[in-house]
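Visitor: Work the whole structure out from these sequences, hints included.
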Amino acid sequence: MSDTHAHHDDHDHGHAHGSYAGYIKGFVLSVILTAIPFGLVMAGGFDSRALTAVTVIGFAVVQILVHMVYFLHMNGTQEEGWTLLSTIFTIVVVVILLAGSLWVMYHMNNNMMPQMNHELMQGLGS
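In terms of numbering that gives the first Met the number 0, the sequence shown is residues 0 to 125.
Derived from the structure by calculation, the hints contain no laboratory data.
All C-beta atoms in this analysis are idealised placements derived from N, C-alpha and C, irrespective of residue type, glycine included.
Among the hints, erroneous ones may be present.
Stated by the list, open to error - Have a look at the derived ranges for each label pair, beta carbon to beta carbon:
id: 1; residue 1: Ile63; residue 2: Asn110; range: 25 to 35 Å
id: 2; residue 1: Arg48; residue 2: Ala20; range: 36 to 46 Å
id: 3; residue 1: Met111; residue 2: Leu71; range: 35 to 45 Å
id: 4; residue 1: Gly44; residue 2: Gly21; range: 25 to 35 Å
id: 5; residue 1: Ser100; residue 2: Ala20; range: 21 to 31 Å
id: 6; residue 1: Gly44; residue 2: Val94; range: 37 to 47 Å
id: 7; residue 1: Val55; residue 2: Val92; range: 36 to 46 Å
id: 8; residue 1: His66; residue 2: Ala98; range: 36 to 46 Å
id: 9; residue 1: Thr82; residue 2: Thr51; range: 14 to 24 Å
Guide: Below, the structure is given as structure tokens:
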């Protein structure tokens, strides 16, 4: 007796595996979610810079969710503690990186010596 279908369960341990169509859908959504904010910023954005920034950040959050669902296969049917733990860890790391980067850029901007810019402009003019 030959068992032709015995090999299909060898690699399946209850985890959701992506299909080709799922990867294509995730890729298309990622491209769209990148192109819209890029086009918005290149066109000059909204009248309010804050609204433009919030819109771009909103698209970034949606794109993170698309990546988590379509590429990392994280969905509500998985009942593994490691999935939740890794998600929380990722969120904490991203918040630390963003907050630290914004803090450094803000303080570098505020602590620039104004005479340096003036001296640079005079040096270019001579």
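Visitor: Each hint needs a verdict: does it hold in this structure or not?
Guide: Hint check:
1. With their beta carbons about 32 Å apart, isoleucine 63 and asparagine 110 fall inside the hinted range of 25 to 35 Å.
2. The hint said 36 to 46 Å for the Cβ distance between arginine 48 and alanine 20, and at roughly 39 Å that hint holds.
3. Taken as a hint, the range 35 to 45 Å holds for the pair methionine 111 and leucine 71, whose Cβ atoms sit roughly 40 Å apart.
4. Checking the proposed 25 to 35 Å range against glycine 44 and glycine 21 shows it holds: the Cβ atoms sit about 33 Å from each other.
5. In this structure, serine 100 and alanine 20 break the distance hint of 21 to 31 Å, their C-beta atoms being roughly 36 Å apart.
6. Range check, glycine 44 to valine 94: Cβ separation about 25 Å, and the 37 to 47 Å hint is violated.
7. Against the hinted window of 36 to 46 Å, the Cβ-Cβ separation of valine 55 and valine 92 comes to about 21 Å, which falls outside the hint.
8. Range check, histidine 66 to alanine 98: Cβ separation about 21 Å, and the 36 to 46 Å hint is violated.
9. Roughly 34 Å separates the CB atoms of threonine 82 and threonine 51, a value that falls outside the hinted 14 to 24 Å.
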